[in-house]
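*Asks:* Sequence:
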Amino acid sequence: MRLLILAAMALLALPGVARPNDTDQPEALSKSCPKGVLFKEIKSGIVVTVIRQGQGKAVFTQDKHRLQAATAVEILTKEGERGFIYGPMRSYMFAVDPDVVKDFEWRPAETEYQAFYTLRDDDGNEALLNFVDIGCAP
8 MRLLILAAMA LLALPGVARP NDTDQPEALS KSCPKGVLFK EIKSGIVVTV
58 IRQGQGKAVF TQDKHRLQAA TAVEILTKEG ERGFIYGPMR SYMFAVDPDV
108 VKDFEWRPAE TEYQAFYTLR DDDGNEALLN FVDIGCAP
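First residue of the sequence shown: 8, per our numbering; consecutive thereafter.
Honestly, I wouldn't trust all of these hints.
[As the list claims (entries may be wrong)] In silico DSS-like links for lysine-lysine, alpha-carbon gap of 30 Å or less:
#: 1; residue 1: Lys109; residue 2: Lys38
#: 2; residue 1: Lys47; residue 2: Lys85
#: 3; residue 1: Lys64; residue 2: Lys42
#: 4; residue 1: Lys109; residue 2: Lys47
#: 5; residue 1: Lys71; residue 2: Lys47
#: 6; residue 1: Lys109; residue 2: Lys42
#: 7; residue 1: Lys109; residue 2: Lys71
#: 8; residue 1: Lys42; residue 2: Lys71
#: 9; residue 1: Lys38; residue 2: Lys85
#: 10; residue 1: Lys64; residue 2: Lys109
#: 11; residue 1: Lys38; residue 2: Lys50
#: 12; residue 1: Lys42; residue 2: Lys85
#: 13; residue 1: Lys85; residue 2: Lys109
#: 14; residue 1: Lys71; residue 2: Lys38
Simulated from the structure, these hints should not be mistaken for lab results.
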């Protein structure tokens, strides 16, 4: 075990070996995008634009008094249609009417390394669409 630790230390001391704070890491965890962030659906290739992102509280269980932290995004399609998805986490997002998220705190969309959203059916059991961040809109 000690030999393994010494070998790891020797490798980290070599020039050119990447470390967490090296300059080859992504510039930042997120970057603001004034025109929105493009997200591509994995299977169909459809691209949508996330215009803004929001945080708030919402109900995701049958207990209507149990508010949970929620995230939401406003989406714009290539055809000009707008919609909203929200959920307790990016992997559990649901299509909703604008009035459901009207009290959320909104900010401009930000691109993030390896960001994704999974849109699910109303029961949350089946993943319908999987969108991945492909960068800022031009």
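*Asks:* Against this structure, judge whether each hint is valid.
*Replies:* A quick look at each hint next to the structure:
1. Lys109 to Lys38: Between Lys109 and Lys38 the Cα gap is close to 24 Å, so the pair holds against 30 Å.
2. Lys47 to Lys85: 12 Å, holds
3. Lys64 to Lys42: 26 Å, holds
4. Lys109 to Lys47: Measuring from Cα to Cα gives roughly 26 Å; hence the hint holds.
5. Lys71 to Lys47: 33 Å, violated
6. Lys109 to Lys42: Judged against 30 Å, a Cα distance of about 21 Å means the pair holds.
7. Lys109 to Lys71: 18 Å, holds
8. Lys42 to Lys71: Violated - the C-alpha atoms of Lys71 and Lys42 are around 36 Å apart, more than 30 Å.
9. Lys38 to Lys85: Measuring from Cα to Cα gives roughly 22 Å; hence the hint holds.
10. Lys64 to Lys109: It holds: about 11 Å lies between the C-alpha atoms, which stays within 30 Å.
11. Lys38 to Lys50: 26 Å, holds
12. Lys42 to Lys85: 13 Å, holds
13. Lys85 to Lys109: 23 Å, holds
14. Lys71 to Lys38: 35 Å, violated
In terms of the numbered hints stated before, the structure departs from hints 5, 8, 14, listed from lowest to highest.
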